[in-house]
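Engineer: Protein chains in written order, with full-length UniProt numbering: chain A, 1 to 373; chain B, 1 to 476.
Derived from the structure by calculation, the hints contain no laboratory data. Note that the coordinates shown come from a computational prediction; the quantities given were computed from them, not determined experimentally. From the three backbone atoms N, C-alpha and C, an ideal C-beta is built for every residue, glycine too. Treat the hints with caution; some may be incorrect.
[What the hints assert, rightly or not] Partial pick of chain B residues on the chain A-facing surface, computed with a CB cut under 8 Å:
no. : residue
1   : E57
2   : G58
3   : T60
4   : K88
5   : A89
6   : K255
7   : A263
8   : D324
9   : Q346
10  : G387
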Amino acid sequence: MVLQSSLKNCLQLSCILQAPKAGFRSTASGGLIMQSTSNDVYQNLAVEDWIHDHMNLENQQVLFLWRNSPAVVIGRHQNPWQECNLRLLRQKNIKLARRRSGGGTVYHDLGNINLTFFTTRKKHERMENLKLVVKALKALRPQLDVHVTDRYDILLDRQYKISGTAAKLGRTAAYHHCTLLCNTDKFVLSSVLKSPYKGLKSNATPSVPASVKNLFEEDSSLTSELLLDAIAEEYATQHRIDRHINLINPADETVLPGINNKAKELQTWEWVYGKTPKFNISTHFNIAYKDSVLDVKVDMDVKHGRIEVCNIDLPEQWLPPALCSELVKNLTGSKFCPNETTALVTTLLRACPHDGDLQSKWNLLCENIKMLM
Amino acid sequence: VCTHRVRSCSSIRFIKSKYVCVFDKSALKFSHQQRLFRTSAVSRGQIVQFKLSDIGEGITEVTVKEWYIKEGDSVSQFDSICEVQSDKASVTITSRYDGIIRKLHYSLDEIAYVGKPLVDIEIDASKGVAPAEDVVEAPPMSHEEHTHQEIKGHKTLATPAVRRLAMENNIKLSEIVGTGKDNRILKEDILNYLAKQTGAILPPSPKADIIPPLPKSETVPAPPKDKARKIPVPVSRPIVFSGKDKTEPVTGFHKAMVKTMSAALKIPHFGYCDEIDMTQLVQLREELKPLAQIRGVKLSFMPFFIKAASLGLLQYPILNASLDENCQNVTYKASHNIGVAMDTEQGLIVPNVKNVQVCSVFEIASELNRLQSLGSAGQLGTSDLTGGTFTLSNVGTIGGTYTKPVILPPEVAIGALGKIQVLPRFNGKGEVFKAQIMNVSWSADHRIIDGATMARFSNLWKSYLENPASMLLDLK
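Next up, chain B with everything else stripped away, as it sits in the complex (with noise of 0.2 Å):
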């Protein structure tokens, strides 16, 4: 049974060294003092003083700008260690060794000197010294991870498919990790450095090339002595997920709306949906796009949708309105400052049309396309995007039909479109017809809005744009 053990375990390829049979628990444990040991301060590897070379041209001396690695680091060599600038030329200085990273010569904006030392790398002095990992099962292969491939020097072993691979991507064998057996370069390996090289997501190796598992029963092959029988053993590679999580701080916009959005959800919410016949405002808008293009101005729903809104809240005004702190106020906005949502970089901003009580479709229409522009731009300004009492938000553009909007503080009313659908519906004579139907989602701050009055501006609205003509009477 020990034997079988370490047959099978010398077929995973970390354990290189020839003394390490790692198998009974105390062995087991001296190794991984042994590991402890490298770990701490007392090293057992060779620190060699990695000096700055030759730059060329005459440089004798570099400013450092920018390191890549920090004391304590592990790096592959060709890995980046720092980049120098001397005279408008910017250089890459890379490792010429594996190691443990023990000490950097310079800090930041320091003048290196050619021939001088730049890092101090530990190097592992005896390479046949395996990473005491577990060693009953193989361990994911990273890049990142601390192994010694000593390439340089080496014959590279690869079959003739994994060449060609190599040559018909210009990359030299020395360049690339193996992780197949005696640091044998694999089809992946080739695949891996591209899709690191370019980034791009390349199709995973067909079946046909993964080594299958190798049959138990014959898994005795002739004792290390005989040379003759040197028939790779094939290994069964474990489907292996190298993905990291990543973590990041909240920080500027996202973070102010943590805090808006918590102070939001304090607002008890009522929610009230419906659905809008669009049929008449589409051929109207259909109708007045060219005279808006005319005048400059790109004429979409908004418009309608905000000058109406307008119209509900002179009738409604406590949709208008602000609470104070302590809800012991309600104030009546005397300007209805209709916030519309934009989707952009950031996120979701939301600029208002100033006044839309005093303004006609079409000036609310250039309005808007002024506020667009800026905001693809990244310029609006600050007055821009507050002061608003009232936000519509047509999420409708991206897709969806009903939703729950979130009341954007110190506002007491939101309202989201959904995207506008042809669906079948009956008219006054009991026929079927064609119908543009748009779904709207109202929420409202539910201390101060009860859902009459929600039910009621929202029926005033929708008479509006199910019969725009009726928003002629009530125009100021």
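Isolated chain A (complex conformation) (with noise of 0.2 Å):
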């Protein structure tokens, strides 16, 4: 199947998009089939909330396909620092996204598709999707063992995991989207989705870690491209529609008015971070200095993604405590964020008479605090 990106096609989407209920175009009645023409995390979840929010979907149910490059996505209420290595995040400078429906935690890249089922909130059948997406592999490829579990994942060789589930209803709307691997990094996958923060406590949605493996290692005639194309062609069959797949920029305000500043919202601190359930970390390590080595146990609750209550346990005059305080106090209120601690700690460090010493001390103290974030 050929993917038509004529302008002839984007006007009729566009018309589509603004179509009001009554009065239908002849064409594509029933359905439609949409795929991203962006690889950004942020404007692709935009789509999925516009979609949500603004098409009405009483007459036409809507497959939306997009790829992204890598980001890792948290459900709704999940704690990013519980799912995910946001150090190595930040290294790599691979996103992290929060998406709006349930759900846990999954890495995105390129090598990884994301199918997304809008219907009217009576309409909406998890399990149906998924089989839709099974009988596609199928068609595609026969001898492939993939089925669903009750859980909603799709299980290869009764083992591995390659797709996994989560869903979002609103009052009138709801959608339902899966991921699929075809070619992922594993490597990567595995190392970012590993936490590596100690003494946490929250009551946040975890997710259920599972042995993953790619389409393309069982056999490796299959691309994105390939199954993309088998799912939409499986789509368009059984909602008796075009088999055609229009192409939508996620920053054409033309068509989507509003998007951008929805991709806007995704991307906020606030949304990110801000929106984890209120947790506690509890931990403690140990600072090598000069001879001696010091255990300092630290106690936090962080809620919104701001330290709500600050708790540091030094041994007693290694620091002056004036300044002891005046940390504990400006952390209190600040955001649970290594960025925003340097900021702090160092800033606040000019305000009080200090030396090399002290200086180092203090450095010291801060570098590990940021760890914990």
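The task is to assemble the complex, starting from two chains supplied on their own in separate frames and drawing on the hints.
Structural biologist: If you want it as structure tokens, here you go:
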């Protein structure tokens, strides 16, 4: 199937997206297949929001196909510190996004396909959607051993997870999205999805780790493009619609008015980190300084991503008590973020008389505290 | 007169009830009390238990993950109440009623059951009761206002133009709160709804749509019994701005900055400004840029400014010193750790290049590159940001000429560089030539640094930059 990207196509799409409930055009009734031209996770999530908020799904269902450049996507009610290695993400410049649907954490790169099934709330049926995907896979490669579990996962060879699912239900509309591992970097996946943070206590939804495998490993002739086409074709068949993938540019305000604001909102610190359910971190670390080793205990309550209560237990007189209390006072209310903490602690030091020795101790202590974030 | 006032008030949308003729003071007091009754525990509204509706897919229980409202808040139909989660599905529960939340049946992370009460909402029993707002003027219409818009079941009033606008934007008229007379939906209501949805700033509606105010002499419409004359009375809508002030606590880095800046302003600042002819330095940099590029380093003007400053500090070490708390001792710092102010997401941070006195211009450039890339990635370490002894701030990259920089304790001096401008100047022969001029503004701690020292340091720094070859003589 050839992907059509003509201007005519985009205009048609524009009409489809904005047509009122009554008076529909004759083609594409019952369903619509869209594919994003962007690999930006925030823009693509924004498209999901837009369709969910603005499209009328009474007479048509929508399938949205998208892929992202490296990103970790956590569920709506999850704790990023609990779910992934944030330090590694920052180092490798891998984005972190929080989606609006529930469920667990996933790693996306261009070797992973995302499928979103939009329906009215009444017609929301995850099992049917996943069976469609399995049917498409089997039509493409009949020998593939793939099946849907009752946890809404798709397993390959009865043991490897190749797809995870999540859903969002609104007042009148709903969507179900799932991943599909075609050719993702498993090494990066396993290293970023392993949290190094100890001592976390939280009621956030935990992820259930699973062994994964790429479809590519099973059959090296399978590419993302091939799989996308197969799924689109199966969807078109089942919904009795045009086998026509409409390309959509998530930055186009004329087709999707308000989309850029949605994408911006998804990138704000308040959304990505601030929506973390309240948690507590209670841990300790050792500092080696000039022939002695000290044990420092840290206990913090973090709410909305900010330090609500802060306790740092240091050996007496190692640092001037006034400075310690200033540190605790300033950390309270501050973002639980290493960048913010660095700026804060280095600025604080200026306001306090200090010598080289104090400066070294201060830096050591603060670098260790930052490691918790 | 009384009748006239009744008329003009009935044209104001809020007074809907037939029996509210609150024009004599006693009646006014009564309705005021009525309002008080409503907000006190003895409420007159009917409490409805809003049950958690069917989620679908056979789900019977969910976990409450976030509340969007709290007890006492007013909600409108379709407002989000809470977010619940069940088996990888996140569900937004919206209100079916307009009213006031009286009770939340679950706390966070508790399990809620489908079909059981989720929240108690107090619905207004008699819809006709007008909120006893100021009856003389029309209060501003805000979507958060606790007004009852029972659109459901009523025919929505809207002109064909408004209906078309709604249709074009795929909006259900039942979801719009009309602010016109008899709850009619106006074009502004559609635009406001869209703006709320999309966050876009929409152009104001053209003047033609604003209904002209009713000339007073013609304001005596026929008595209400005359049904044939149902001409809507145009209303002069006051211009309303519904933006709200936003207060947030000062936290984190900003809080620390408050403390530091307060300490800084205790230092008596002495300012000294000058202009530098950068013509020769501009040329030199052009020549050296490709060389640095080959070595993988981006060369700006800062490395030259920094090295020249360090050479100057060798002659005037008092500028690289620190005064103790009681101003009893001055410590002359051996290292020239020159800070470079950097604008980041947090705000202004100042990483420093360590030991400039033993670094070459290239080494300084290389270190600056490292600090800049760490800075933009938000990954600067505490050691990069502490231990500075002298600071340069290149505010000129943003703009400006002269400024009054604030000394960063525990330092005693700071220099701010303006932008480079092409200006006409006279040369030695009295001819006008094109010069590249940059302004510098120094601030120094006047307790230990006097004007002469600052001026001489500045002159030396200036001479190194105006004649870069002279730096060669003193480079170590």
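Engineer: Determine for every hint whether it applies to the structure shown.
Structural biologist: Hint check:
Interface hint at E57(B): satisfied, since its Cβ lies 7 Å from the closest Cβ of chain A, which is below the 8 Å cut-off. With a least beta-carbon distance of about 11 Å to chain A, the hint placing G58(B) at the interface is violated under the 8 Å criterion. Restraint check, T60(B) versus chain A: the minimum CB separation of about 15 Å is more than 8 Å; hint violated. The interface hint given for K88(B) is met, as the beta carbon of that residue sits about 4 Å from the closest beta carbon of chain A, less than 8 Å.
Nearest Cβ of chain A to the Cβ of A89(B): about 4 Å, under the 8 Å cut. The hint holds. Hint status for K255(B): holds, given a least beta-carbon distance of 5 Å to chain A, under 8 Å. Interface restraint check: A263(B) against chain A, minimum CB-CB distance 5 Å, threshold 8 Å, status holds. Taken as an interface hint, D324(B) checks out: its beta carbon lies about 6 Å from the nearest beta carbon of chain A, inside 8 Å.
About 5 Å separates the beta-carbon of Q346(B) from the nearest beta-carbon of chain A, less than 8 Å, and the hint is met. Interface hint status for G387(B): upheld, as the beta-carbon distance to the closest one in chain A is roughly 6 Å, under 8 Å.
Checked against the numbered hints given earlier, this structure breaks hints 2, 3; the rest are met.
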